[in-house]
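Asks: The chain contents come next:
Protein chains: 2
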Amino acid sequence: MTYRAPIKDMLFVMNELAGLEAVSQLPGFEEATPETAEAVLDEAAKFNEQVVAPLNRAGDLDPSSWKDGVVTTTPGFKEAFRQFGEGGWQGVLHPQEFGGQGLPKLIATACNEMLNTANLSFALCPLLTDGAIEALLTAGSDAQKATFLPKLISGEWTGTMNLTEPQAGSDLAAVRTRAEPQGDGTYKVFGTKIFITYGEHDMAQNIVHLVLARTPDAPEGVKGISLFIVPKFLVNDDGSTGARNDVHCVSIEHKLGIKASPTAVLQFGDHGGAIGTLVGEENRGLEYMFIMMNSARFSVGMQGIAVSERAYQQAVAYARERVQSRPVDGSAREAVTIIHHPDVKRMLMTMRALTEGARAVAYVAAAASDAAHQHPDEAVRRQSQAFYEFMVPVVKGWSTELSIDVTSLGVQVHGGMGFIEETGAAQHYRDARILPIYEGTTAIQANDLVGRKTVRDGGAVARAICAQIAETEAALGRHGGAAFTAVQAQLARGRAALEAVVEFVVANAKSDPNAVFAGSVPYLKLCGIVFSGWQFGRAMLAADAKRADDPAFHEAKIATAHFFAEHILSQASGLRDAVVSGGAPVNALSAEQF
Amino acid sequence: MTYRAPIKDMLFVMNELAGLEAVSQLPGFEEATPETAEAVLDEAAKFNEQVVAPLNRAGDLDPSSWKDGVVTTTPGFKEAFRQFGEGGWQGVLHPQEFGGQGLPKLIATACNEMLNTANLSFALCPLLTDGAIEALLTAGSDAQKATFLPKLISGEWTGTMNLTEPQAGSDLAAVRTRAEPQGDGTYKVFGTKIFITYGEHDMAQNIVHLVLARTPDAPEGVKGISLFIVPKFLVNDDGSTGARNDVHCVSIEHKLGIKASPTAVLQFGDHGGAIGTLVGEENRGLEYMFIMMNSARFSVGMQGIAVSERAYQQAVAYARERVQSRPVDGSAREAVTIIHHPDVKRMLMTMRALTEGARAVAYVAAAASDAAHQHPDEAVRRQSQAFYEFMVPVVKGWSTELSIDVTSLGVQVHGGMGFIEETGAAQHYRDARILPIYEGTTAIQANDLVGRKTVRDGGAVARAICAQIAETEAALGRHGGAAFTAVQAQLARGRAALEAVVEFVVANAKSDPNAVFAGSVPYLKLCGIVFSGWQFGRAMLAADAKRADDPAFHEAKIATAHFFAEHILSQASGLRDAVVSGGAPVNALSAEQF
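Residue numbers (UniProt numbering), protein chains in the order written: chain S, 1 to 594; chain P, 1 to 594.
Hints may contain errors.
One copy or two, either will do: identical chains are not told apart, so a pair holds if it fits within one copy or between any two.
To be verified - Here are the simulated EDC-like pairs of lysine to aspartate or glutamate, each with C-alpha atoms no more than 16 Å apart in a straight line:
(1) LYS67 with ASP202
(2) LYS510 with ASP329
(3) LYS223 with ASP171
(4) LYS8 with ASP549
(5) LYS8 with GLU592
(6) LYS78 with ASP202
(7) LYS546 with GLU16
(8) LYS46 with GLU86
Rather than coming from a laboratory, the hints here were simulated on the basis of the structure.
With the sequences and hints as input, model every part of the structure.
Replies: Structure, rendered in structure tokens:
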């Protein structure tokens, strides 16, 4: 077994930190009891451990390949995806009306984590399909929903997001793909899209491309972008697939990692025009695309957590097995397994603490999203939505940045063997490297955190979160004991650092934007570690209360919280200095001085 | 041009921080004037930029390959290595008596940096040969020196270090290769060695393997290891090469990076025994090997700096060219090159500051090594040697750890293009990953720093360095001005953090070794950033004094120092907490609890 789902930790976070019980009391989620959640997680674990995880290394060795416009995926992927669809896994989150299970995002998030830990490359296909489903649910017409949603949710068809063009990466204002109305309600789409994940493959009967393009009279910039459905095969009125559409995969990329996931260059309209239909209203494409992106950004954050978990499990397994050197404390005269050496423990604890902390932040955010959608009280919905939206760039940015460090440590634990590809540790290090880039780089997330999430409300949501953190500090103080007061002290310092940064950002964003945006990524990282430290504070209180149930598990949680505080949360003041005092030297050099 | 040697920064560091003038006044180095240094660096730059650097990408695409025991290197490597030898570049550091140039380590270090920046994989062959030369200079017999040194120094032959075996990686006590005396002064060597860099290749007429092995009556553990010369081809009395020796390359590794550098599995004695001769005395092999390793460890530290420089130059070039998005300060209505965006500047400044800081620390250490060898005053020699030895694990550990971060940022600056192998940014990220592993992992360096370098003298050298840092703080204070006092403040905090850690390590190493060694890597990183910050403090004072000579260069140096202090040196207190308060939770979990 190369992967074992960490169900115990997942359920601990869901129950003790994210409030699964409360989520299951929301209207519409009555069936999502803790018992149901556990059953769903058990099934997901079985499928992902047994079917999906074993294909991860195969995907690296025998990636997707392109020939004459046809992409062939890694042997085994097609069959696994069939099982994925039939098992209902694409539909966990989506409405029962269209064939989904209608479960809370909290439960879906745990399922997604497992799928991604099992196989990052494989999981990308459902991840993008989820985004397409979300966009159609929000902005699609009834006919579009009826035509596309059941097939997407069943896994018979898959979805893509077509944003990027050679000259338009982070900056969608530069999109040039054009859509010409044909007078019959359809459009002809012309243009080139790059970096299209699963833009072409052999795992489904049809591929539903959601494409950003401009109509002839559209205004310039992001206000002139519309969203179109351009399916690979046109769909007949009875729902069956018809003629091949004029969208073709001209090549796929040769990448550092996630090699099994085909990254396509798509050519629209080279043979007369690709037929598309408008989603929602003209020129509102960016808004709809953000629906997909917000869903995808959260999911990519989960990918960071997922690959970190995989690297951690592999490193632990190796450290338990590899015998090398006697213990530094002289407790044995023979060489021992390296898991007994303090620096190996430090590395494993770092991997573990970063991963568990990010998981807790993400699951708590997922529960807030559920409340934002389903809570009967509008004030609670609004508050929950604001909390969730604040967390999205943090979950995306922080969980993916840390995945670089965690997978790098995974290699390091293996020593020289980590550098040999056969070992598999290096694959995680390569795979993870895309995560802080796609669906918006860390800088894009950080700009969102500064602009839309902090400055726009004058720091109100950020301050409200800090007030919640202070409550956890107080609870840790009331509890007492060495580990608890140590975490309290680091959390208080971390929260104070965050407050200082929020005030700096709010005060200077207008007057000195260069200085503020120079600190946007350190601000995002500070949020990541303080929010993780906060959840660890809550976790150790909950673990202490439940200690007797399972002492080894709960004591490990307390020790991991303590480790996180001293080794990671302790970095908060350095990040504060980087933001508050470090803006000027970032901007001091001219382009020529570099 | 894919690489341009940063001669201006190298000379600034050599002249202003490392005291090249003083080095050139040491007995034996009279010819090594600043003018000579500049001429040597200019020649080195020309050769490495024009001949070696263009082969870097080729080595990744068309790595060394193995067939029937024969290793063929990347096309172009053999010819470049011939030019390297003929140009005298293998001998920069080595005695004129054996054909070298006898220049100071300070100058050789700058040359080595260029070679490694040009091509990490190519540079490994000379790097290992340097180690073999050092070991023979120290422990070889006159006959061995006469036979092997001129050929190694001329580049006609190359050298290897054979330490690792499948069961003996970091722990050389577990070495099992055996050497049986034949009664004629030679030995027959039997065993398997793995991870042997350039253990087999086609770039030289002969390969001089230096091999750790045990004689029949040797004691167990590291006190029973001897060092042998086992050449690929036996050497006749007239110095010509004779019969093929019984050492064979049975495979090379399939690696994450540095793919052009063949990593060999060598089988000794499968066909009757490989003929070897003893170096120095029996059972003192580890001691001699440490000579090679100390040379190699410093050089691998330089590799970290070198690949960081390469990644930085590539990222700057891309950021100057790629147009995307309007500036956040509204200073332009059109999209600009991304080097104008604050977060791109922050990433480039981080890459630049880490690289320049590590370069300064390494060059200052190299100058101390020169004084340790050549200074007429024994007290100065001893003091310089102690300083150099303290710096070796820091140069090795810190410069290689930061190379992971710098090359990762290099990918990030490229956005999605960074993940595409054709761009070349990903190669540096893959190549760098071995650096914190080979020639002693970061943990091994950190244990050396704690044990031999700090605890053994009760922290005396560490405290003496802190006292020197305090002098720089005072000079910054006397100078005054915003950037200088900001750096002074961060440096004072960093130095205080380091003092606290040194006292903790000295006080607890015996009584609580697990807690101290749990913090050994954070201690090493703290040394790396505080020493870099110290050199930046000295650098900004020197740059200010020279400002008028070249304002753009010297003002960039001052800004980079300021950046380093606020963004990187500011992490010192977090690292202090990790060491001083973080030991207990590292060791809290049992092997089963992970």
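Asks: Can you give me the call for LYS78 and ASP202, within, between, both or neither, at a CA distance of at most 16 Å?
Replies: Intra 7 Å, inter 45 Å, cutoff 16 Å: intra-copy only.
Asks: Measure nothing new, just compare the shortest in-copy and cross-copy C-alpha distances for LYS510 and ASP329 to 16 Å and report within, between, both or neither.
Replies: Cα proximity of LYS510 and ASP329: across copies only (9 Å, versus 56 Å in one copy).
Asks: Within, between, both or neither: how does the pair LYS223, ASP171 come out at a Cα-Cα threshold of 16 Å?
Replies: Result: close within a single copy only, 13 Å intra versus 63 Å inter.
Asks: For the identical chains here, do LYS8 and GLU592 meet the 16 Å Cα criterion within one copy, between copies, both, or neither?
Replies: Between. Shortest inter-copy distance 15 Å satisfies the 16 Å Cα cut-off; intra-copy 54 Å does not.
Asks: Quick one: LYS8 to ASP549, C-alpha cut-off 16 Å, is that within a copy, between copies, both, or neither?
Replies: Answer is within; shortest intra-copy Cα gap is 12 Å, inter-copy 65 Å.
Asks: Cα distance capped at 16 Å. Does LYS546 pair with GLU16 within a copy, between copies, both, or neither?
Replies: Answer is within; shortest intra-copy Cα gap is 10 Å, inter-copy 61 Å.
Asks: State whether the alpha carbon distance between LYS67 and ASP202 is at most 16 Å within one copy, between copies, both, or neither.
Replies: within (12 Å within a copy, 37 Å between copies)
Asks: Is it within, between, both or neither when you check LYS46 against GLU86 at 16 Å Cα-Cα?
Replies: Intra 15 Å, inter 63 Å, cutoff 16 Å: intra-copy only.
Every hint from the earlier list agrees with this structure, and none is contradicted.
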